[in-house]
Each structure stands twice: as C-alpha cells, then as structure tokens.
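> Listed below are the residues making up each chain.
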Amino acid sequence: MASLRPFLLAAALALLAPGTRALELDPDVPPELSLGGRLLATPSHQATELAGGGSDQDSLIDISDSALLINAAKYLYRDLDYGFATFGLVLPDDDSDFEDGLFVHQLFVGTGGPAGEVLIGRTNLPNTLVQLPTIRDDDLLDYSHVANAHLNAEGEEFQVYGGLLSGTAYFGAGRWSLGAALTARAETDLQNLADPERTSTNAPNGGALALRYELPAAVKFDRGLRFAGLLLDVQRAAAVGAPGEHWIPAAVAGLAYNLSEDPEASWVVHAQGLYVAGEDVGGLASAVERAPASRYALAGALTYAARPFLQTRWQAGVAFAWRDFTDRDEAYGVALVPSFAYRLGSGIDLVGQYRFEHSGDGLAAAIGADTTQEVLIGLTFALSGTFNESVGQRGSILELEHDILNPGPATRAH
Amino acid sequence: MSYREFRLDFVLTEHELLPGVRFPCFAFNGQVPGPMFRVQENDWIKVVARNRTPEMHTIHWHGVDVIYTMDGVPMVTQDPIHPEETFVYRFQARPHGTRLYHCHWGTPLHMMSALHGAFIIDTPDDPVRAMFPYQRDYVLVLEAFDVNFTRRHMEELLGGMKRVNKLMALRRLSPLTHAFFPNYQAFLQAIEAGWRPPYTRGNAEVTDIKPTFFAINGKSYPATVTTEHLYIRRGENIRVRLINGGVFDHHMHLHGHQFWKVAEDGNPLPQPLRLNTVPVTPGKTVDLIVHGNNPGFWDFHDHKELNTRNNGIYPGGMITMLEYEDLENPPYVPSISVNQ
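For the protein sequence lines, the chains are A and B, in the order given.
Just so we're aligned, residue 0 is where the first sequence starts under numbering that gives the first Met the number 0, counting upward by one.
Just so we're aligned, residue 0 is where the second sequence starts under numbering that gives the first Met the number 0, counting upward by one.
Isolated chain B (complex conformation) (with noise of 0.2 Å):
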C-alpha cells in the first residue's frame, strides 16, 4: 500500500491578521490557517503530527470516514499528542468533497487560535463539475478571533504547562493533577476525596469570548484584497469552497449575483439551491458555484455586519470581492477605506 505522506506540525507563531495586528496562536506548520490538503478520493494518506508546543493537541479529520482511532478525539479515541511527541495519523480519503480537519483539544484557546485547515478530497467523477463544468476553484476558510484572549491564556497556558510537563517528564503527573481520569466512576471517587472539579463555584474562571477580528485564510480586510479576492471572466463558472474553522456563525452574502449552492458538509445536494446569501455555520462546509454573468467588483462578505470590522471599526473583518478579470475600462475601481 502506498500512502500520500504529508507533515504538520503543531507550532506557535506570530500571526498577522492585517498590517498592525499581529497575536501569538497555534498553528499548523506555522500557517494561518494550516496547509490544504488536495488528494484525490480513496488515496491512502499518512500524516506525521508533531507537536512542537507545551500545549497537547490532536488531529481530527472533520468529515471524513476514517476509522475511529484515526479520528483525533483525546481521550475518546486516542492519547493526546504530548508536547515534543508525534503521532502518525494513516487512513484513506473518503468520501469525495470540501472537508477540514482541526485540532480537537476544545479549549477555549484552542477556539481563538488557528489549528486549522481545508481538507479536500477530488473525484474524477465529481458530480457537481458534471453540473457546472468548472476550472477554477477557491477556498476559504472562515475565522474569528479574539486576539486579547489568546494573548492572554497562552500566557497562562504556557505557565501551567511548564509545570504539568515538569511532573510528567517526571513521571508523577497524577489524575488529579490534569483531570485525566479512567473512567466516570474514578472521577466520581475523587470528587468524593476532596477534589474539586475546575468548574465549580469559586474555583471556575470567567471565560468571557469577545472575537474582535475576523479573517478570510487568516487575513481580515483589507488584507484580503492581497490574496483572498475570487477571479472570475464572462462565462466563466467558478467553485467556491466555505469552511467555518471558528465557533461562531457566518452568513456569506455576494452581491449581484444568484448563486448556486451545490454541497453541504462537503456532501452534493440532490437539487442546487439558487441564492445569494448562506450561512456557514461552525464545522459546516459549504459549496458554491457562481456564474460569471454581471461584470464588475463585487462585495463577498459576511452579511452578519459585527464581522466586517477590526476591532470595531468598520469596513473590515470577513469581507472580499469577486473580481471580473476581463474588464475593460471599469467606470469606478474599488479603493481601501479603514475608518468609517
């Protein structure tokens, strides 16, 4: 059997959303959000993850059949991947369509940070380029984040972990001690014994999540204009692929045009949708196909308005544009504004 051999790393990085907006997250190989995967349906793919962070993480490939301790759920169906350990992730690509795959230690910062990426699985026989016949396709991965939280519980986080990996590196990280237990009926008999769980009264931080940016493959406008714009001629159809890597609802509006909503989930639908807005709710991917039928720019953004800012001011956040590229002589070509 011959595998696609692929490598992530778990990193932390220094990510810029847009020019003066830089903050400290995970992320896959360093990049913002991880790199895409492209393989054809049923190829056999191996995925070396190693974990360059003091942080534990795992892989879940979200949407795709795998077997289940392939599936990167810690503790459900594997051992997290330790800081410095790596783990090999073996298994076939299927079925066909738009998937993701995150890291699936759910931590709040986890949420706000950048372990990401699009998981796309081609067929020769894809249904929907039999519908639309199509050679261009884009993908865009739908983040929000809020940049003073990360900052913030990374900086405890990294606290916590030096002296959780202390006690592990010395062979004496207990149950207790990171909330790891056997079974139901251990974690009953320490709370019998005295322990507290994390979440009681008294001893339960107040997360509080307020996402104050918002980024297209991790760039908020106007950096989007640099490389998260959709090219598009007369005639011409084209794909678009919506991932929402976040844990909060996007509903992507593009203007003068019906588009055609072709996959859900990364599944085909029976039957197009005609639309022009569609939402994108967490862990959803969602397919589009747009004719090219209405030259000119064209906003595509989240209609949700409160994420098409930067930290509050508007236009920014989830905004790009779908872009003739055969235009000629244009009456009015789009600028940058940032503060109105």
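Isolated chain A, as found in the complex (with noise of 0.2 Å):
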C-alpha cells in the first residue's frame, strides 16, 4: 500500500485540479520562462496613384505589428530532452478585416532534443525563407511569402501564420536540419467572393519541406555564407468561384551572406527567389486570385551595420524587389524600401522607413494603384528577459563549436 501512496497522491491532485489537465504538475519544479516583445509606432503617410488616374492619400499613427510573447521550456526526464510552449498575440493592422482585436500569432507546444524537434500549433508558416531588413512584417509580404490561396480577406496574419504539425532533424553538428510539416492555412469561402466568410482557420490544407544550413550571427559574423534553404511549399486550395480543388505547389530558394571581415561594419546580402507553379486565373483582383496564380518573384537585401566598439549603433538597409504573374500581360510589380535604424538604448531604436511599389499596367489595373510611396518614422522598444533560466539553446557555440550539448527549443520569444 505504501509503494501506492504517491500514485494515489498523484490522482488526488488531478482531480482536486482538473484546469492543469496534466498527469503531475509539481509547481515547485518552474520551467524557464521568457517575455519578449516588441512595441512599434510610426506616425506614417501614405500616397497611391490611382490605376484609372487620381490620387488617394493616407496618414495613421500606426502600431500595428507590436507583439507580445511568452515562452516556456522544461527539460524531460533526460536532461537532453526538453518541452517547450509558446503564447504569442500581435496587433493587426488598421485595414485588417481583425481591425482593433488582438490575434493570437504564436500558440504551440513541442518536443525535442539533440535530433529533432515536433511543434504542434499555430506558428510563422514554412513559406518564406529570408527576412528582409523591413520595419513592419507586411511591407514587402507579397514579394517574399507563398501567398494563402485560401483566403479571400485582408489581414496579413493569415498569411504569415497558420496551423502547423512539424518536425525537423537536425544533423551536421546542428548546422543543417530537414523539416517537413503539415500545414493548415486560414480559409474563407472562395465561391462567395463578394461577402467571404471564414470557413476554418485550422483545418490542414497543405504541406511543406524544408531544407536549410544555418549558422547564427554570434559563429558567423565574417566573410562567407551564413544560411541557405530550400523550401517547397503545397497547397490543396479550392479553386476561385468555381467547384473542385487544385494543388498549388511552390519553390522557394534563399541565402544570406556576410560581405564583410570587420566585426565593427557588417555587411550582409539576404537574397530569395519564389515560384509558384499556379495556373492562369481569371483574374488579379483580389489576394485569394493572385495566390494560386502562376509567378515569380525575387526579393533582396543589402544591410550595413555599424558597430563601433562592437555594439550595434545604427543600420541601414536597401531591400528591393520583383514579381511578374507569368500568365497575364505586363503584370509585374516592383518594390525598393530603404530603411533605418538608430540605436537609442538597448532594445529602443529610432526607426525610419520610405517604400516605393510600383505595378505594371497588366498588375496596376487589377489591384487600382500604380505606384504607392508611404513614409514613416517611429519608435520601437522591444524587450527580452528570461527568468529561471535553465534550458540551452539550439546552435549555441557550445555545441557547434566545443562539441558540448546544451539543447533547447530552436523558437523562442525575442
């Protein structure tokens, strides 16, 4: 009977518990914990020539894209092994059909340790490869992510965000991994184009596979290559007003290279080419028709970063790029976005930005603008602390470097 009391001990706090829900949660055994963050606010003024002639102007005080995260990880049993969850809300943008709600952008738990990692939740979908050096997360979204060709709606966080069941290995001393995931898109309903509803937000609709080496900044911050992926991304969408369903599969390829030996001026190249292998479309009117669209579509980024006494002081960065839907005439759109960063303390920087996209007449007359230009200027303030920390890191210097194993979840909150 005494071998039994902790089981029976164990039961006992269950059901005095029921919201835990887990087999035995001791509370005095915390896990780490994580906040991070970022506020963002940019008074902005945006100017569109119209396709069919006239101007529109726009200003907002806009704060969009500020996010607030918490994560938590606990090691398993064996001090290799580690769970890890992760909550996450970010405000939408003022256009967004989720205008003044906050979406839940990061809400997953998972598993891992020096192998792999499974992550079961709602995440940034495998659909980009390269983040340019942009101050929002939408500014150049149509030129750098596969697009969902489920959603007939404005909001970029159904873009960037979806349903995800994934694991990745990790092999070559942690400096490649191989991911494969099972993804589940936003969608609405594509055969009422006027007034969408949405269908389901998590229902899987795609796949993905991802191949990538990856060395982070703290090992590889002189001359040579720092990441390279491959990315081929799935679609199972319905088509535009029509019945039936159709594969939308999509390639996309990027790297990232450090230009400079100084540790004080980094300059690094981030380069990424997309094609989605769609089909010729009725039209490019709206995002869920120029989704499953065929086109190309390059993005790229130069960035210098001055360091004096190593320290990041300021940045400045040129990202430009190019889309062309190949199945109808002069529709291609272009984009150049110069932006800066002073550094005012850490984690507090000023931020200034000038975005000029222009469309081709073919892309132009579908989507009613012609050339957009928006300015905008601002504050961030993000922050980082972790308490009880306890949990490693994957790719620490540790590992790829001394060859001592100090696992930990590949995301978490900054």
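Everything labelled a hint here was simulated from the structure, so no lab data went into it.
Note that this is a predicted model, so its numbers are computed, not measured.
Virtual Cβ for every residue (Gly too), placed ideally from N, Cα, C.
One or more of the hints may lead you astray.
[Unchecked claim] Below 25 Å or equal to it, Euclidean Cα-Cα: the simulated DMTMM-like pairs (lysine to aspartate or glutamate) are:
| id | chain 1 | residue 1 | chain 2 | residue 2 |
| --- | --- | --- | --- | --- |
| 1 | A | K219 | B | E235 |
| 2 | B | K209 | A | D261 |
| 3 | B | K260 | B | E235 |
| 4 | B | K209 | B | E84 |
| 5 | B | K218 | B | D136 |
| 6 | B | K165 | A | E388 |
| 7 | A | K73 | A | D25 |
| 8 | B | K303 | A | D27 |
| 9 | B | K209 | B | E15 |
| 10 | B | K161 | A | D25 |
| 11 | A | K219 | B | E154 |
| 12 | B | K218 | A | E388 |
[To be verified] Negatives, chain B to chain A, calculated, CB over 10 Å:
| id | residue |
| --- | --- |
| 13 | G19 |
| 14 | P23 |
| 15 | D42 |
| 16 | P73 |
| 17 | E154 |
| 18 | F186 |
| 19 | H256 |
[What the hints assert, rightly or not] Here chain A is said to cover these stretches of chain B; the calculated rule only asks that three of the stretch's residues, wherever they fall, bring their Cβ under 8 Å from a Cβ of chain A:
| id | region |
| --- | --- |
| 20 | 142-152 |
| 21 | 156-162 |
| 22 | 219-231 |
| 23 | 315-329 |
Dock the two chains into a complex; use the hints.
Okay, here's the thing in structure tokens:
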C-alpha cells in the first residue's frame, strides 16, 4: 500500500486541479519562462497613384505589428530532451479584417532533443526563407511569401501564421536541418468572393518541406555564407468561384551572405527567389486570385550595421523586390524599401523607412494602384527577459564548436 | 639555476560534478580543480601557461611571495594571456605551506568556473609535522558553482570574444572596444568623449549568481564517495588542507572529533586551536590535524547546510566522510541517499 501512496496522491491532486489537465504537475519545479515582444509606433503617410487616374492619401499613427510573447521550456526526464510552449499576441493592421482585435499569432507546444524537434500549434508558416530589413512585417509580403490561396480577406496574419504539425531533424553538428510540416492556412468561402466568410482556421490544407543550412550570427560574423535554404510548399485549395480543388505547388530558395570581415561594420546580403507553379486564373483583383496564379518573385536586401566598439549603433538597409504574374501581360510589380534604425539604447530604436512600389499596367489595372509611396518614422521598444534560465539553446557555440550539447527550443520569444 | 617545470593549459571543458550534472567551464588542463603542485620550499618553479580558450586569463600564485611581475594580476603586473598565447611564470616557491593558484581575470564567469588548484610547498622542517607527526595528508578544494549561470555566460562570452579576437587579429582593437585604458586619465577622457561604461544604468546586465552545486575537489556528494573520503586508523594523525577555491563561505564541521587547526593562509599558527567547525572564506586555506581516536564513519561537511544540497535537494554538495580503515564488524555502514 505504501508503494501506491505517490500514485494515489498524484491522482487526488489531478482530481483537485482539473484545470491543469496534466498527469502530474509539480509547482515547485517551474519552467524556464521568457518574456519577449516589441512595441512599434510609427506615424506614417501613404500616397497612392490610382490606376484609373487621380491619387489617394492616407495617414495614420500605426501601432500594428506590436507583439507580446511568452515562452516556457523545461527539460524532460533526460536533460538533453525538452518540452516547450509559446503564447503570443500581435496587433493586426488598421485595414485588416481583424481590426481592433488582438490576434493570437503564436500558440504552440513541442518537444525536442539533440536530434530534432516536433512542434504542434499555430506559428509562422514555412512559406518564406529570409527576413528582409523592413520595419513592418508586411512591407514586402507580396514578394517574399508564398501567399495563402484559401483566403479572400485582408489580414497579413493569415498570410504569415497558420496551423502547423512539423518535425525538424538536425544534423551536421546542428548546422543543417530538414523539416517537414503539415500546414493549416485559414480559409474563406471562395465561392462567394463578394461577402466571404471564414470557413476554417485550422483544417490541414497543405504541406511543406525545407532544407536549411544555418550558422548563428554569433558564430558566423565574418565573410561567408551564413544561411542557405530550399523550401517546397504545396496547398490544396478550392478553385475560385468554381467547384473542385487543385494543388498549388511553390518553391523558394534563399541565402544570407556576409560580405565583411570587419566585426565593427557588418555588410550582409539576403536574396530569395520564389516560384508559384499555379495556373491561369480569372483575374488578379483579389488576394485569393493572385495567390494561386503562376508567378515569379525575387527579393533581396543589402544591410549595413555600424557597430563601433562592438555595439550596434545604427543599421541601414535597402530591400528590393520584383514579381511577375507570368500568365498576364504587364502584370509585374517592383518595390524598393530603404530603411534605417538608430539604437537609442538597449532594445530602443528610432526607425524610419521609405517604401516605393510600382505595378505594371496589367497588375495596376487589377489592384487599382499604379504607384504607392509610404514614409514612416517612429520608435520601437523591444524587450526580452528570461526567468529561471535553465534550458539551453539550439545552435549554441558550445555545441557547434566545442561538442558540448546544450539543446533547447529552436523558437523563442525575442 | 635548475627549474622544476610544469605545463598548465587553460582549457574549455565539460565537467561532471556528479552523475547527471555536467557543465561547461574553464579548467586547468581540463581538470577540476587544476592539477596539484607539490614542491619543496625554495624550489625554482617554471610554469608554461598556454591559453587554449577564446577568453583571456592569468595565473595568480595566491600566498606565494613571487616577484611582482609574476603575480598574475591583469593590467597591474602583466598583460592578460590572450587566446593561443603562452606566458612563462618563473618564481621561487616560498614560504612553505598550503597555497593555491587561480586565474585572476575575475569576471563572474571565472568565479563560476574552475580555474583554481592547490599549490603545496613542503619543507623538511615543517613545524606542524614536528608537533603532530603524520604520514598522510589530504587536500580538499572547496568550490561552488551556478551551472546555469556558467552555461549562459560561457555562450555569451564565446560569441563576444570571437569579435574581439577578430579585431585583435586585424590589429584594430581599441581601448574602448575592450575597456582597456593605459591610465585613469585616458579612462576619464573616454567618458567625456561619449563612451558609456558597461556598469552604468541602461547598460548594466543584472548579474545574479546563485550557486546550486557545491563540490569538494570537483565532486558533489554522493560522487565524493569515490575519491574524496578521508581515511584514518586508530592512533594516527592525518593532515587535512582545506582550500576555498570559490567565492562563497564554507564552515567545515567534522563529527565525533575535536581537531587541531594548525595553519591559516598556509602559515603555521603559533598556538594550534582545538575546534570541530572551521570557517574557510574565499581565498583562505586552513590546515587541520585530525587524531584517530573515535573509530567509525564520520560526516565531514559544510555546516552552512544550504551548501549540502544538489540543486536544492538534500543531501548533496559539500559532504564527505572521515572513514576508519581498521574498523572490524561495524554495527552500521553508510549507504547513499539523494532525495530526502
């Protein structure tokens, strides 16, 4: 009977605390907790030359893309294996269909170890490879991401984030990873484009496979390749305005290359090519029509960071992008986005950006805009703090260069 | 002049404190604590110290009367030993007694690392041996580790030093980059020019060191059972040399015996003290003579009981045992417990 006492006690505790829904939870063994986020506030002004003539002006104090994240992690019975969970909120754009609401953009749980990691929940979709130096998440979204072919609604959140059941294997001393994911992009009723309703948020409707080579910036800060990746994405989407479904495959290749040997002046090039092997759709007027259309897109950026005395003081970047819908004449778009960030203090930056975007006649006629220019300037406050820091980190220098295993979740709040 | 020559390499290693607990640390020759020196008073010593880590180090011969350029204080008596550099220490071993050596690059990461070791200078005219004849002596280096702090800061240091070492290789390391100044006036001028010291508000990291593992000669109980027990026989004197290699206080208590405290800081006391608990504060050495007059198995542990835990679990940490070798049919023999 005495040997059964711990089990009976655990069962009693479970009954007393049904909200925890854990087999056994010891509150005296707390997880590592990370709090991260960014508050981004930028007065901005946008001027658009309309395709049909005339212009449109729009100004706002933009606080979208501000986000808050909480991570938890804990080692399992063997302290090279770990479990982790993340909860995050982001503020959508002013013109989003989620206006005035907070969007849960990160909500996942996972487990991992030295060889790999499994993640289930909502997080960034595996539909892009490089991060361009733009101030806001959606500044070049149309060029850098494989678009959601299920959604006829405004809202970058449902382009960037989605449901995921993914597994990633790490090899080559952690420098290489191969990931496979079942993806769930949000869906709207595509048979009724005039008044669409969301029909699903988490139903699986695609998949992705990604091969990545990556060295953290802390390891690879001098000349050479820091990142290279190849991504294959596929969506099974309903045809717009017609019955039936079809496959929409896409391929993305990207890299990041350090140009400088100087730790106090970093020059980095990012480049990405994207191809959607779609089909000739009826038009390009709406996002859901453009998403499954055949297109090429290139995006690249050159970033310079001034780091006197090895502390980042300011960063300037210029991102450029091009896309072309191959089945339509003159249906191309180009964009140029120079940006600047000046470090006022740890995590506090003064930021500014100019965005120029021009569409060829074929695309301009469809989306109604010929040229768009936007200027923004503002402040960001980023925070990152970890409490009960007890879990390692993937891609650590200890592992990469000293063969000392110290694994931890690949995804954390920053 | 003939030297007794030794090699000490600064190494980044992963050390096992006890089964299931390993952590990265700097250590001499990869050992925790570093190898023990056993030399005779007035020997001439040559130590070839090679830095095989990405961090800077020195060696301070604590309690040894060296000439000042061999004292190992960075920026005071020598430049720090840079990665892959070698520095040769030459000095005469004096005075006799229980001494120690440690890296004097005193960052918090170094405090939670393991760059320390025993430096024992013997003499044929040892007054302690004359007063208390003994054959066997034991050296116990007392240590405290915050392994989470060490893991985290080792990672940050490795990242930061890559850039520092790159600038050094490019011959572009400036005083401001690494906060090295030729004199105080240059330090003041840098602040006036806009440079902000790393300890100022908005720049300073919150350094919160909470040691969770305590060790004797690199091992925490119950791993101390294998190598760190003190053995004695009835009627025998043994000498126990305690060295605090860490930055926390320890109060070593021996059960069942009144021992003699015979030396402090390596120097014999004019009058031995009869004690059963002795404080060993950071940088201190204390020599004890234990007389075998109470056969049995006797706890010898830090009586600051918070230090007799492993990650908060008692018993653990700084516990070892005085064990009589000539016990016949003991009525009770110790076993192992790790979770009470």
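> Run the structure past the numbered hints and jot down the numbers of the failing ones, going up.
1, 2, 4, 6, 10, 13, 14, 17, 22, 23
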